[in-house]
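Once you've looked at the hints, dock chains B, C and D against the given chain A.
Chain order of the listed sequences is A, B, C and D.
Residue 118 in the numbering used here is what sits at position 118 of the first sequence, and the numbering runs on without skipping anything.
Residue 31 in the numbering used here is what sits at position 31 of the second sequence, and the numbering runs on without skipping anything.
Residue 85 in the numbering used here is what sits at position 85 of the third sequence, and the numbering runs on without skipping anything.
Residue 68 in the numbering used here is what sits at position 68 of the fourth sequence, and the numbering runs on without skipping anything.
The hints are simulated quantities; they were obtained by calculation from the structure and are not laboratory data.
Treat each hint with caution, since some may be false.
Quick look at which bits of chain B chain A covers, simulated, 3 or more residues with Cβ under 8 Å [said to hold, decoys possible]:
1) 46-60
2) 63-73
3) 78-88
Okay, the calculated bits of chain C under chain B, using three or more residues with CB under 8 Å as the criterion [claimed, not checked]:
4) 7-19
5) 81-94
6) 109-119
Just so it is clear, CB atoms sit at the ideal spot from N, CA and C, and this is done for glycine as well.
Number of protein chains: 4
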Amino acid sequence: MFKEFTCKVKIYYEDTDSGGVVYYANYLKFFERARTEFLNSINLSNKMLLTNHGVLIVVKSCNIEYKKSAKLEDELEIISSVISKTKTSFIMKQVVKLDQVLISEAETHLVTVNQEGKPVQIPKILNDFLD
Amino acid sequence: MFKEFTCKVKIYYEDTDSGGVVYYANYLKFFERARTEFLNSINLSNKMLLTNHGVLIVVKSCNIEYKKSAKLEDELEIISSVISKTKTSFIMKQVVKLDQVLISEAETHLVTVNQEGKPVQIPKILNDFLD
Amino acid sequence: MFKEFTCKVKIYYEDTDSGGVVYYANYLKFFERARTEFLNSINLSNKMLLTNHGVLIVVKSCNIEYKKSAKLEDELEIISSVISKTKTSFIMKQVVKLDQVLISEAETHLVTVNQEGKPVQIPKILNDFLD
Amino acid sequence: MFKEFTCKVKIYYEDTDSGGVVYYANYLKFFERARTEFLNSINLSNKMLLTNHGVLIVVKSCNIEYKKSAKLEDELEIISSVISKTKTSFIMKQVVKLDQVLISEAETHLVTVNQEGKPVQIPKILNDFLD
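Just chain A, with the same shape it has in the complex (with noise of 0.2 Å):
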């Protein structure tokens, strides 16, 4: 059973902006990272899932708060967990922080679709991984 994952990620300067900080968006490109490692752990990926499922996942919504800036060369933990689950879509929580201090954290709202975009149930093998 899946409670959290944790992967790491550090600042390098394509990921800051001259405000000083990782640019805001860049946090969205970490939790597709983070997902994507997820996916790996259970010896799974984005690849696989496609080519032997005929499935993607896909971002139906992401509602982020930015608590702390993050700065060049910090390396920042990401914290993922399922919070809610249907038959063919799920939501996931994912936190940032650096030395235990909270960054940012969202709420992904993911749905596994075929490559026609239509809502599919979500593969068994990833399913069993997701409660």
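The following block gives chains B, C and D in isolation, referenced to the frame of chain A:
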């Protein structure tokens, strides 16, 4: 008085991903471009706000919904409006359309802060255009 | 005949880094935007080249020199010209200027390939504009 | 003595474009990440170089060749080495490989500058590792 501000964004390769669509985080880039273009349209800029008024506009939260996907070389319209306001912050609604079809929409909570990151009153020169 | 094609790029927060200047990789984005705008200016697009001619333009090499830095809200000019050509490839020189001052310049080797990645003849509809 | 420094980069959706491959500008991001990781491996960082030595490493030129494309979820190796050096600058060769296959390679001319952008001597703490 500022009712609605529209600007255009063309989709280049850099904006897309291997799913064949605009990468979901990039809409937040488009929203920030649109906010900067709005400032420019009223003869302001982020640089002027900082230099002349000691003020930065920072994002406190962003709630985005993805309705349809956009593709390479699409020409999107970003329609921005202010839907509420306090002395130190305002909420902007930003809608992305392609040929009148809704692609995504977001509500973004923006705060005017000083260089120490403390919320400060919205400069009059900007505030006058947010009603 | 195509001598020189100029397009403009405004610098937004997304383009800058915490050094206070445009992040060095982003100039390659601007060059690609300029190439797409050039295609559009002759009533072509990447999509049309692919759909109607089965051709993609891919980058084989890029040699960029950075002369001066650009900053937030600068309005850059990208001046593109073709400096040499074979049946399946061409070299483009692309110069970035801010108020007539040279910011950076690059030579990019571009190849027209089919969907299997094999070099193919530059479609006449494009070739006519590269002389 | 520093002969060769290797680090890994996994390809996420953010790195790809609608051509189905890694977007060409993003290799420059990977090279910069690799340079930062190299600094970290010798107990340095961009932040330390700036704070303790008043020095920034800036890119003067970059010459990149693209050999093969990389795709979503590929795990690339970036192999960096210093191929020449002066008192204030050095040239780094950076090679990208996927399972021993050459994807791209670049030579990047890097200069150490002070906060006014003037070239200054490479700090000894860094210089010792560039031989």
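Checklist entry - Which earlier hints turn out false for this structure, listed by number in ascending order? => result Going through the list in order, the structure violates hints 3, 5, 6 and respects the others.
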